[in-house]
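Asks: Spelled out, the chains give:
Protein chains: 2
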Amino acid sequence: MRSQALGCRLMLGCQLVLACRALSGGARLGARRLAGAAPRVAFMSTTVGAPAAAPRRTMVRTLLESDEAIVSSPVLIKGWVRTVRDQKTLSFINVNDGSSLEGVQIVADAEGTADYAAVMARIGTGAAIAATGTVARSQGKGQLYEVQASSIEVVGECDDSFPLQKKRHSLEFLRSIAHLRARTNTIGAIARVRSALAQATHAFFANEGFTYVQTPLITASDCEGAGEMFRVSTLPAQLSAMPRDESGKELDFSKDFFGKPAFLTVSGQLAAETYACALGSVYTFGPTFRAENSQTNRHLAEFHMIEPEIAFADLFDVMDNAERYVKYVVREARERCPGDFAFFGSLVDKELPARLDVLVNEPFERVPYTTAIELLRAEIAKDPSKWEFPQVEFGTDLASEHERWLTESHFRKPVFVYNYPREIKSFYMRDNEDGKTVAATDLLVPGIGELIGGSQREERLEQLKLKMRESGLKEEDYWWYLDLRRFGTVPHAGYGLGFERLVCYVTATANIRDAIAFPRFPGGCEF
Amino acid sequence: MRSQALGCRLMLGCQLVLACRALSGGARLGARRLAGAAPRVAFMSTTVGAPAAAPRRTMVRTLLESDEAIVSSPVLIKGWVRTVRDQKTLSFINVNDGSSLEGVQIVADAEGTADYAAVMARIGTGAAIAATGTVARSQGKGQLYEVQASSIEVVGECDDSFPLQKKRHSLEFLRSIAHLRARTNTIGAIARVRSALAQATHAFFANEGFTYVQTPLITASDCEGAGEMFRVSTLPAQLSAMPRDESGKELDFSKDFFGKPAFLTVSGQLAAETYACALGSVYTFGPTFRAENSQTNRHLAEFHMIEPEIAFADLFDVMDNAERYVKYVVREARERCPGDFAFFGSLVDKELPARLDVLVNEPFERVPYTTAIELLRAEIAKDPSKWEFPQVEFGTDLASEHERWLTESHFRKPVFVYNYPREIKSFYMRDNEDGKTVAATDLLVPGIGELIGGSQREERLEQLKLKMRESGLKEEDYWWYLDLRRFGTVPHAGYGLGFERLVCYVTATANIRDAIAFPRFPGGCEF
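Note that the protein sequences, when read in sequence, are chains G and U.
Quick note: the first sequence, position 526, residue 526 per full-length UniProt numbering, numbers continuous.
Quick note: the second sequence, position 157, residue 157 per full-length UniProt numbering, numbers continuous.
Chain G on its own, in the form it takes in the complex (with noise of 0.2 Å):
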């Protein structure tokens, strides 16, 4: 059965390549001379056939997605190869071309496959090939097709220092080679998953009639929080050449960059403001850094935020469509990358999938940040000694055990406590008539805590000067926030997403390290 097949993909293989040859003239065949790369064909053929149709590339996922028909049809299969598995004269080559996690099972003999001594002599695991074949339904389990070579180009071979080398690596080490980290399983799923979230934000934000604004970076207006920013400049590091001002003992900023002192943003709410008392609804989704000198798994110096603000809106309408956010991306996330979140569900985190369905199927919880006092000092009264910081009343600034009792133990799904004592929380977020809380909600989501933190805005301009000075801040730095207060102010709320938890939280990631291509720490500054 299989011998017979080869003998006809052998035909077919010959005038796939000669096909392929003899259509590569015109513009193709000039990029290769240009580019200088000679014509590449793997095997000539003494066959003379009639032309058929040249197989254009098949990326791996539309492979595996086909349907039947596929079978029997010439391909061009171009990836890595991840594993190799010898038989004498027969060979099963894993290829991953990063289209999806599966990869596709390459079978090579003596008998179908041009060269084939050859040519598996230069394969192993890290090699790039490109193998002309058929489709045929697979042998093998877990997968419905393989193809089948006639023949096999090694487009590069793989060193044998390469170290992706056994098939299991600790994540810690991964970290250490992260230029290469997403040729493996668990990186690759997250880095497709976290691309199709962020993909599906700008979908669900376009389709919601938002304009994205991408929001400055570098800023000399950031007061806030100043202690933990990272200073930028052109000034040089020579101590020699630095410019002084007068006194000779301090640097003179006017001949920086920027003409005085600049910084990484820390957010780009302030300026997403301003755009959105303009054209409406906005958001902004970029970079945002934070200089802390913390080396836990859920901080980065460099992360992304997605900062929605909405004119015209309240804490309510914020909490609504934060809600429809994330089930939004979920949803979209899960439908595109079915084998990625098969792996996470499988290999990573059984209740995951679980997990997810009550987060995209089952309302969000919302509970007044009071009630949330009163259900931990109720429960915290049954065993005081099992928690840590025993002691909860108004004004407590809830520890990441009670917010994770809340959202893991007692609601057991996603929970937005909302409306907190004015003094935990920041100078524009809106104070409530009660004189003791804010219009601020933070959304609670098991195995993370916090996801989001969003507010209405204090859009009066007279208590948000007030509560300016209580926070200690300049009004002169701030003329244009307040500004929007003076020129028909108007009711607005927003919110703030950290990108990366939501990576780990629909990833099933434990590290937030792990969650973006190449991460930034103290001390961690490498690729």
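Hints are not guaranteed to be accurate.
To be verified - Think about it this way: if two alpha-carbon atoms lie no more than 27 Å apart in a straight line, the pair counts; the simulated DSS-like pairs of lysine-lysine are:
id, chain 1, residue 1, chain 2, residue 2
1, U, K350, U, K167
2, G, K249, U, K260
3, U, K255, G, K260
4, G, K249, G, K260
5, U, K255, G, K249
6, U, K465, U, K260
7, U, K327, U, K350
8, G, K386, G, K413
9, U, K255, G, K255
10, U, K249, G, K260
11, U, K166, U, K88
12, U, K260, G, K260
13, G, K249, U, K249
14, U, K465, U, K436
15, U, K249, G, K255
16, U, K260, G, K255
Stated by the list, open to error - To spell it out: a stretch of chain U is covered by chain G in this simulated footprint if at least three of its residues, at any positions, have a beta carbon under 8 Å from a beta carbon of chain G; those stretches are:
id, stretch
17, 75 to 86
18, 124 to 131
19, 237 to 244
As the list claims (entries may be wrong) - Here are a few chain U residues that face chain G, going by a calculated C-beta distance under 10 Å:
id, residue
20, R57
21, N96
22, P163
23, I177
24, I187
25, S221
26, F230
27, A271
28, G286
29, I516
30, G524
31, C525
Derived from the structure by calculation, the hints contain no laboratory data.
Beta carbons: idealized from backbone N, C-alpha and C, even for Gly.
Put chain U on the given structure of chain G with help from the hints.
Replies: Then chain U, alone, in the frame of chain G:
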């Protein structure tokens, strides 16, 4: 006719306000109460009718694009007043909510609009209002519909110092009030088109199976062009507090956040290559930085690049992809922002529509660099005095006047120039067989010049090492980049597109500082 309509409206309006109040219980009322806002009812009515359906907010664009069936429907419009024309007991208020360039005309009068005089006394340019009323066919020209207001709520008055009182302001003046300028026609339109282009960018690459990779902005290994990079640091800015090395003469960067000098990246390409060599086709879309001391209208210190990178691809694949990309996003933006494009085409540049038609409908030109040189030499020979740089020969780095002649005068469409002399191009570009050129391409477009720069990357380890030596680069700084050539190297190619230049091109914007929300340039870091 009008007064009869107004009578009907009055009744309907009363019912609506009452219904509105009746339906505002539950979560929504809760939100208002918690957020401390008084119920906003513009007038009390003594006419009690059966509650009608409360009008939800209608966006201006939705209204203007509705079919005739909307006439006589109740609507609630929220937005900012652009202009008010008063005629004794009748006022025409143009309200814009940012959803489109066009505002909608709200008609208020003493007879039909509650508290007419009192309300109108508080409404001027810049004020925020919420108008409840009925849709009518517009009596004026240019618009199909207007809203006859039964009640108008003044959401936020506008201080007399509002700088956008006049109808026309110079773009230069608007840059000084960048926090308000999106409320003007021109900047609002650019912002919407920019957003549409950005969202379409993600849609395009999602459709083509590309993975979005957010490459890091803070980098320690980006050695190319280090002279024009911003330094990123958390070292103290006080001279006395700066940590010093053993000699006491230089800064000790081991004490800095990353333990060594760090910078803001000038390109995500090298990082994107690592992901392309794992996932196949990837792209970045994020900010990049250039600390050039340049005050031109074509440069920004912080701008955005789209950098696709494709494995198993050559220079012609890149041209194909770039051409599809530009056509797709321009087509999408025109479809989604017809009003904005009508504005650019009528008030900014009358030739823009024809130029964009050529762009989306005709194939781009492709011409080798050597041919471009021949064309230029022949043209310059006719009258060298017309040229600032008449000396053109193989090896010349084309000046702006050369590029613009090619795309604007000779081909009159976008042109890919390809296969540039290797001496004037970067180390990572693939050497062609001729020994003189590299597989690089620039896309030149009318009115802008270079929009895209792309190349096939040097995937051969030894050639790459040679080119790095020629460029004075150290192998140890690029060990991870070289690894890609050691472990299953593949032909790959990519390009970089300056997003703000694309925005300028598509919107006929002359100064790049108007193509971004808050521009950063030497001495410019406001807001």
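Asks: Are the hints correct? Go through all of them and say.
Replies: Evaluation of the provided hints:
1. K350/U / K167/U: holds (21 Å)
2. K249/G / K260/U: holds (25 Å)
3. K255/U / K260/G: Holds: K255/U and K260/G sit about 24 Å apart, inside 27 Å.
4. K249/G / K260/G: Holds: K249/G and K260/G sit about 17 Å apart, inside 27 Å.
5. K255/U / K249/G: The hint holds at about 21 Å.
6. K465/U / K260/U: Answer holds: K465/U to K260/U is near 25 Å, not above 27 Å.
7. K327/U / K350/U: holds (20 Å)
8. K386/G / K413/G: holds (22 Å)
9. K255/U / K255/G: holds (24 Å)
10. K249/U / K260/G: Cα-Cα ~25 Å, so holds.
11. K166/U / K88/U: holds (22 Å)
12. K260/U / K260/G: holds (24 Å)
13. K249/G / K249/U: holds (15 Å)
14. K465/U / K436/U: holds (17 Å)
15. K249/U / K255/G: Holds: K249/U and K255/G sit about 21 Å apart, inside 27 Å.
16. K260/U / K255/G: The hint holds at about 24 Å.
17. 75 to 86: This one holds; 4 residues, not fewer than the three required, reach chain G with a Cβ under 8 Å.
18. 124 to 131: This one holds; 4 residues, not fewer than the three required, reach chain G with a Cβ under 8 Å.
19. 237 to 244: Per the Cβ count (6), the hint holds.
20. R57: holds (7 Å)
21. N96: holds (9 Å)
22. P163: Interface hint status for P163/U: holds (8 Å vs cutoff 10 Å).
23. I177: holds (8 Å)
24. I187: Holds, because the Cβ-Cβ distance from I187/U to chain G comes to roughly 8 Å (cut-off 10 Å).
25. S221: OK, holds: S221/U within 10 Å of chain G, min 6 Å.
26. F230: Interface hint status for F230/U: holds (5 Å vs cutoff 10 Å).
27. A271: holds (6 Å)
28. G286: With a closest approach of 7 Å, the G286/U hint holds.
29. I516: Hint on I516/U: holds, closest Cβ of chain G at ~7 Å, below 10 Å.
30. G524: holds (7 Å)
31. C525: Hint on C525/U: holds, closest Cβ of chain G at ~4 Å, below 10 Å.
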